[in-house]
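Peer 1: Just so you know, the sequences run in chain order A and B.
So in this note's numbering, spot 171 of the first sequence is number 171, and the numbers just go up one at a time.
So in this note's numbering, spot 162 of the second sequence is number 162, and the numbers just go up one at a time.
Think of the hints as simulated: they come from the structure by calculation, not from any bench.
Check before you lean on any hint, since a few could be wrong.
Because identical chains share one entry, a pair is satisfied inside a single copy or across any pair of copies.
Heads up, simulated EDC-like pairs for lysine to aspartate or glutamate below, C-alpha to C-alpha not over 20 angstroms straight-line [claimed, not checked]: (1) Lys58 x Asp115; (2) Lys183 x Asp162; (3) Lys58 x Glu214; (4) Lys60 x Glu207; (5) Lys60 x Glu130; (6) Lys181 x Glu214; (7) Lys78 x Asp176; (8) Lys201 x Asp149; (9) Lys201 x Glu184; (10) Lys183 x Asp110; (11) Lys58 x Asp110; (12) Lys78 x Glu178; (13) Lys78 x Asp149; (14) Lys181 x Asp71; (15) Lys183 x Asp71; (16) Lys32 x Asp176; (17) Lys78 x Glu197.
2 protein chains.
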Amino acid sequence: MQEIQLIDIRQHILSDNQNLANEIRQDLTNNKTFMINVMASPGGGKTCLIVETIRRLKHKYRIAVIEGDIDSLVDSQKVSAEGVTAIQIRTGGDCHLDAGMVSLATSQIDISQFDLIFIENIGNLVCPAEFDTGSHRRVMLLSVPEGDDKILKYPLMFSVSDALLVTKIDTKPMFDFELSKLKERAEVLNPGLHIIELSAKTGEGMETWCNWLEQQIQTIL
Amino acid sequence: MQEIQLIDIRQHILSDNQNLANEIRQDLTNNKTFMINVMASPGGGKTCLIVETIRRLKHKYRIAVIEGDIDSLVDSQKVSAEGVTAIQIRTGGDCHLDAGMVSLATSQIDISQFDLIFIENIGNLVCPAEFDTGSHRRVMLLSVPEGDDKILKYPLMFSVSDALLVTKIDTKPMFDFELSKLKERAEVLNPGLHIIELSAKTGEGMETWCNWLEQQIQTIL
Numbered sequence: 001m002q003e004i005q006l007i008d009i010r011q012h013i014l015s016d017n018q019n020l021a022n023e024i025r026q027d028l029t030n031n032k033t034f035m036i037n038v039m040a041s042p043g044g045g046k047t048c049l050i051v052e053t054i055r056r057l058k059h060k061y062r063i064a065v066i067e068g069d070i071d072s073l074v075d076s077q078k079v080s081a082e083g084v085t086a087i088q089i090r091t092g093g094d095c096h097l098d099a100g101m102v103s104l105a106t107s108q109i110d111i112s113q114f115d116l117i118f119i120e121n122i123g124n125l126v127c128p129a130e131f132d133t134g135s136h137r138r139v140m141l142l143s144v145p146e147g148d149d150k151i152l153k154y155p156l157m158f159s160v161s162d163a164l165l166v167t168k169i170d171t172k173p174m175f176d177f178e179l180s181k182l183k184e185r186a187e188v189l190n191p192g193l194h195i196i197e198l199s200a201k202t203g204e205g206m207e208t209w210c211n212w213l214e215q216q217i218q219t220i221l
Numbered sequence: 001m002q003e004i005q006l007i008d009i010r011q012h013i014l015s016d017n018q019n020l021a022n023e024i025r026q027d028l029t030n031n032k033t034f035m036i037n038v039m040a041s042p043g044g045g046k047t048c049l050i051v052e053t054i055r056r057l058k059h060k061y062r063i064a065v066i067e068g069d070i071d072s073l074v075d076s077q078k079v080s081a082e083g084v085t086a087i088q089i090r091t092g093g094d095c096h097l098d099a100g101m102v103s104l105a106t107s108q109i110d111i112s113q114f115d116l117i118f119i120e121n122i123g124n125l126v127c128p129a130e131f132d133t134g135s136h137r138r139v140m141l142l143s144v145p146e147g148d149d150k151i152l153k154y155p156l157m158f159s160v161s162d163a164l165l166v167t168k169i170d171t172k173p174m175f176d177f178e179l180s181k182l183k184e185r186a187e188v189l190n191p192g193l194h195i196i197e198l199s200a201k202t203g204e205g206m207e208t209w210c211n212w213l214e215q216q217i218q219t220i221l
C-alpha cells in the first residue's frame, strides 16, 4: 500500500518536472542562452572542470553558474572568484536538483544577459539522472579513481547523458581503470554518448571538451 | 501543495523504517549476529574494503554480505569469490537501502548461522544517511581522491556515522587532501566519530580497522 502511494507521487512529480523543464528550456532558447547540466559523484571533479572551463571561455561568453549543494557555499565561492555570476541552491537534504529549483535560480538573474549557464548538480550518480532541469545538454563526469565498472551500477546516468567526461586522467597510472571496457559498455547502453578524457589539473583534453561545448552552444544560436 | 504531500509521506516512511530497523537490530542481537552498514560515494572503495576485511576475519567469524546496487551482480560476485554468503539487493532505481530491503535479505538466510553481516549500501553520500537499516554500527568511507571538503557538503552522512574510514590513503601524494582540515571539521560536527586512514590495496591501516570492528562486535556478545 505504502509503495503504491509513493509511486503515484513520484510519477506526478516527474511529470510536473518535465513540463517545467520544457518551459525553462524554451525560455532559455528564446534568449539564446545555452544551459548545461553537469553531473557526477561527490569529488568527481565538477567544480574543478567548471572553473577551468570558465578560465578558457569567459572572454568569449557571458557565463553564470547555478551551484547545487545540500549545504555550504564553498563551490559558489570558487566560481565567483573567477568573476562570473554564481547562484547557490541549498537543497537542505534533497539529493538532486529539479526544474523547480533551477527556475528559482534562473528567475534571480536576467537570463538574456548570459550566453552560457552551467548547472553543477548535487554529487550523486543516481537521482540527478531522473530529473530534467531544463538544460540543453547533460554531461556526466566519471573520475578515474572511481573505477571503470560504474556504468554497470548506475546505468541511467550513462543513458541520459550527452557526453561522458573521464576526469583526473593524470592519475591513471595509480589506478586499474580500463577505458576500453568502459567504452565497450557505453557503446551498448548509449551509442550516442560522446566520450572525452581529460584532466582539469594538467589541462590534457580541456581543448577537446571546450570545442565540443562550443559546438553545442552553436546549436541554439 | 505538492511539497506538503511529499513531506508527509517521507515522515511516514522514515517512521515505519525506524520501527522496522529497531526490530531487525533486536533480532540480530538476540542471535549474537553483528551487522554493520558500509556507506560511501560510488567508487569510494566499499567492495575492496569488505573483500580485504573478509580475507582477514573469515577464519574467525562466519560472514555474510548484503550487497545493494541499482543494477548488476558485480560486487556480489567479488564477495562470494571469497567463500562467504552474498545476498544481492537490486533496487532498480532507489538510491539507498532501507530497513525493508535489508529485512528481505536477512529473511533469506538463517541469521543465527552468522557472526558478522556487512551491508554494502548504494554508492551515495546523501540518502543512505537518512535510513537506519537495522545495523549495529554505520561506517562511512571517504576516499582521498574525493577531497577533504566533502564534510561541508554532505554533513548528515558524517553526523550519523560511528567511524570514518579515509580510504585510498596510498594515493595521497597525487591529491591535495588535508586530513587535519577534515578532522577539525569532524570534531565540530560529530566529536565521537572514529577516524581511521587506510589503504585496502597496500594494507596500511587495515589492522587498526579490523581491531576497531572486532571491538564493536564484542559489544553485542
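Peer 1: All hints, please: hold or fail.
Peer 2: Comparing the hints with the structure gives:
1. Lys58 x Asp115: Within one copy, since 10 angstroms is at most 20 angstroms while 58 angstroms is not.
2. Lys183 x Asp162: So Lys183 and Asp162 pass the 20 angstroms test inside one copy only (14 angstroms; across, 38 angstroms).
3. Lys58 x Glu214: Result: close within a single copy only, 12 angstroms intra versus 54 angstroms inter.
4. Lys60 x Glu207: within (14 angstroms within a copy, 54 angstroms between copies)
5. Lys60 x Glu130: Close neither inside one copy (32 angstroms) nor across copies (44 angstroms); limit 20 angstroms.
6. Lys181 x Glu214: The answer is neither: 28 angstroms in one copy and 38 angstroms across copies each exceed 20 angstroms.
7. Lys78 x Asp176: between (31 angstroms within a copy, 16 angstroms between copies)
8. Lys201 x Asp149: Intra 24 angstroms, inter 17 angstroms, cutoff 20 angstroms: inter-copy only.
9. Lys201 x Glu184: So Lys201 and Glu184 fail the 20 angstroms test inside a copy (27 angstroms) and across (27 angstroms) alike.
10. Lys183 x Asp110: Neither way: Lys183 and Asp110 sit 40 angstroms apart in one copy and 41 angstroms across, limit 20 angstroms.
11. Lys58 x Asp110: within (18 angstroms within a copy, 62 angstroms between copies)
12. Lys78 x Glu178: The answer is between: 18 angstroms across copies meets 20 angstroms, while 32 angstroms in one copy does not.
13. Lys78 x Asp149: For Lys78 and Asp149, only the inter-copy Cα distance (13 angstroms) is at most 20 angstroms; the intra-copy one is 31 angstroms.
14. Lys181 x Asp71: between (36 angstroms within a copy, 17 angstroms between copies)
15. Lys183 x Asp71: between (34 angstroms within a copy, 18 angstroms between copies)
16. Lys32 x Asp176: neither (43 angstroms within a copy, 38 angstroms between copies)
17. Lys78 x Glu197: Neither: 23 angstroms inside a copy, 28 angstroms across copies.
Consistency with the previously given hints fails for numbers 5, 6, 9, 10, 16 and 17, ordered from lowest to highest.
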